[in-house]
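**Student:** Sequence:
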Amino acid sequence: MKGRALWVALVVATGAFMTNMPAMAGNGSGPLAALRAYQAHFEKTSVEEDDGGEVKERGNGRYSALISAAARKHGVPVSLAKAIVRIESNFNARARGSHGEIGLMQIKPATARGIGYRGSVKALYDPATNLEWGMRYLAKAHQLASGDTCGTVLRYNAGHYARHMNPVSKRYCHRVIALLGDVV
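Counted from 1, the sequence shown has number 39 at position 39 by full-length UniProt numbering; the numbering is strictly sequential.
Since the hints were derived computationally from the structure, they do not count as laboratory data.
The model shown is predicted, which means the values in this text are computed figures rather than measured ones.
A few of these clues could be false.
Below, computed lysine-lysine pairings styled on DSS-like, alpha-carbon distance capped at 25 Å [to be verified]: (1) Lys140 / Lys122; (2) Lys108 / Lys170; (3) Lys122 / Lys73.
Could you put together the complete structure from these sequences and hints?
**Tutor:** Have a look at this one:
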């Protein structure tokens, strides 16, 4: 089963990498070179499972305690929270998305305000602040999905009231499942 999980993770990660790195397409480097580049790109901030099945990050352990505390505070499985942070920002607290998403959890300022945040946009770059408000949003998604992983991911990614998996949400869910090691 672990071999299959590794294979699924490799396939999902390679697909995600190639769609996120268009500069590699057509440069003649081939799939093996693409895999090596992917591995090198994420070598310092990769995710692995510990003995308890919890997803943890290597190279950015400074956020591990913050992520765990915020997840527990809001009733979100720690492994799910870390998988979301890994996918959203690769544990980069200064990450900025193309649609205005900010920080570790890539929460939009308008989304944070919609759930009660009253601080500045700049303050959302603070890891503790970002995790607090991002985890609140993730917790509500988790509650609305009755704990279902793909339902949670759908609602976190597409909005709390999303009901149908679109291709983007499907890919996102497959990436989360690969990180969690839950092969379907």
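**Student:** Each hint should be assessed against the structure and marked as holding or not.
**Tutor:** Do the hints match the structure? See the list:
Pair hint Lys140 plus Lys122 holds up; C-alpha atoms about 24 Å apart against a cutoff of 25 Å. Taken as a hint, the Lys108 and Lys170 pair is honoured in the structure, with Cα atoms around 21 Å apart against an allowance of 25 Å. For a cut-off of 25 Å, the pair hint linking Lys122 to Lys73 stands: about 24 Å separates their Cα positions.
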